[in-house]
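J.: All chains should be built: construct the whole structure from the sequences, respecting the hints.
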Amino acid sequence: MSTRASTLTGRIMSAPSIIVLFLWMAVPLGMTIYFSFLRYNLLAPGTEEWIGTLNYEFFLTDPAFFASLANTLILVGSVLVITIVGGILLGLMLDQPIFGRGILRLLVIAPFFIMPTVNALVWKNLLMDPVSGMFAWLASLLGLPAIDWFTNAPLTSIIIMVAWQWLPFAVLILLTALQSLDRDQKEAAQMDGAGPLSIFFYITLPHLSRAITVVVLIETIFLLTVFAEIFVTTGGGPGLATTNIAFLVYTQALLQFDVGGASAGGIVAVILANIVAIFLIRLIGKNLDK
Amino acid sequence: MGAIRLEKVKKTFGTLDVIPGVDLEINDGEFVVFVGPSGCGKSTLLRLIAGLEDVTDGKIKINGVDVANEAPAKRGLSMVFQSYALYPHMTVFNNIAFGLKMAGESKDVINDKVNNAAKILNLTDYLDRRPGALSGGQRQRVAIGRAIVRNPAAFLFDEPLSNLDAALRVNMRLEITGLHQELKTTMIYVTHDQVEAMTMADKIVVLQAGRVEQVGKPMDLYSKPANKFVAGFIGSPKMNFLGGTQAAKYDCHEIGVRPEHLVVSTEQGEIPATVKIAEHLGAETYLHVNSDEFGPMTVRATGEMPLSGNDKIFLTPEQDRIHRFDANGLALGHPLNA
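Same order as they appear, the protein sequences are chains A and B. For reference, each letter of the first sequence is one residue, going 1 to 290 in my numbering. For reference, each letter of the second sequence is one residue, going 1 to 338 in my numbering.
Rather than coming from a laboratory, the hints here were simulated on the basis of the structure.
Restraint-style ranges between C-beta atoms, simulated for each label pair: (1) A:S209 to B:N63: 40 to 48 Å; (2) B:E70 to A:P130: 53 to 61 Å; (3) A:L89 to B:D202: 45 to 53 Å; (4) A:S209 to B:R211: 43 to 51 Å; (5) B:E182 to A:L197: 30 to 38 Å; (6) B:N116 to A:T3: 54 to 62 Å; (7) A:P196 to B:E182: 33 to 41 Å; (8) A:L197 to B:N116: 26 to 34 Å; (9) A:G102 to B:D202: 46 to 54 Å; (10) B:P20 to A:P97: 24 to 32 Å; (11) A:T156 to B:V65: 53 to 61 Å; (12) A:T3 to B:E304: 46 to 54 Å; (13) B:H288 to A:S209: 52 to 60 Å; (14) B:V65 to A:P196: 23 to 31 Å.
Glycine included, each C-beta is placed from N, C-alpha and C at the ideal position.
T.: Okay, here's the thing in structure tokens:
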């Protein structure tokens, strides 16, 4: 694959898909950027006009923006911590030769295959409902008052649901990494006098660093845009308590019909995601070079 | 420092008797090699001594103290693994220092010991590198360095040279032998390579199917194998086993004669044979021959032999170098002493 002819053929052959992909990415992005500089409200069609950066000024000075930015970061950070710590612990457990390991693994992986809307409905109606939910029933067994999750701890509820959904992914990646740990290394550490805790911190955890990096990067990408769970359960409320950037953009566009403002919000979200990505890759991406 | 004694050591995996019961005495400062075909239980035996496997029954005494139920680290032994098992995310320095750190040694002591070990093993220039940036031989030396610093009662080597290429293997063989002469610590070395066993050992333990077939000095095993298995396993090329008229002549079931103890003649001799393949190495010549009575045989002749395929030759065993075996494969007394 290195003669001039074959390189040229390769370029020609892969050109169609690259062109399609480029259009797929570039056209919507270009249109969004264009809309973000217009006054463009679906309630007043035909009145679009160029208003410069006014949409951005409104979006960035909106108190809702800062609230949702904070919510987004709290949501992403909490879910990352829960899934990675939980993923490592579950991975360690599933790596042991215990009875029924195959079925147990299947059960642990299962939540990942449930679509987010269904996940949210199950949590909302079957588990967290203050009247008919299982948590309320459990609380009543203990003589405790039921917790109205979505009123009293809305963001925590969202975090629990999203973490439940993403925990299997972390387990899957981390378990695979654990299984690739050389048994000789653990035995060598044993000979060197390391106890189980020392082996975990000096041998296992460094071995997992790469896998953890992968989990953090991939989960971050998806967690920045969590939407279905919020839409189905709290609708961003009470107030702005569970509104993240993605949901804020949605309210702008489809509840206030402000396409221009939503486009500006979308562009801001893209820029924020890129800042987070650069930050993450700088911080931990060097793990991937090894 | 490190005398090790195994008493009726047994190991079973489920219903499988891997080691049915081994008694063995290893003296302080001895270089002992466990050798045997793959699957003979030699690595398992080493791991039992190390404590990486639990014994099913029996005692493992180090300096008179039974350690069969002690944790590996408490036994005061160091092990060099076949895969080296270096910690990939630590520098060479930290790899070597890890055991000392776990033992809670002070920084100065660790620095001293690691630098000392690095000097012995020519690793001083590589202390800041990670294992991934080292060659096979250097990794091997780091693994040995990790073993040395703990000042163990004995070193355990699990086929440490099998991942190296042939030239490096010869070098490392010499280095390990040199290290033993310098440190004078007990070493137990597992290998399937009988050349390593012959060249390095003070004492060879030949194992088969978890049983000790024979224990002895290399030259004792060579000249007085206890049975047919040892006779065939030690020595390269393999010993020829002859029955029929030759065995009858020495009044036994079978005789064994090593390829180097057959006299070749083109005119006369006891066993007529046809050369199939002649391998000329210059210093010696290997003849793969076929005899009508005894089937394929191997001959090792010194110097150059102007023979090639299909040449007719005659072979005569050197009378005082033959080995006699009974029907069970056990060695009978030497013919000249009998």
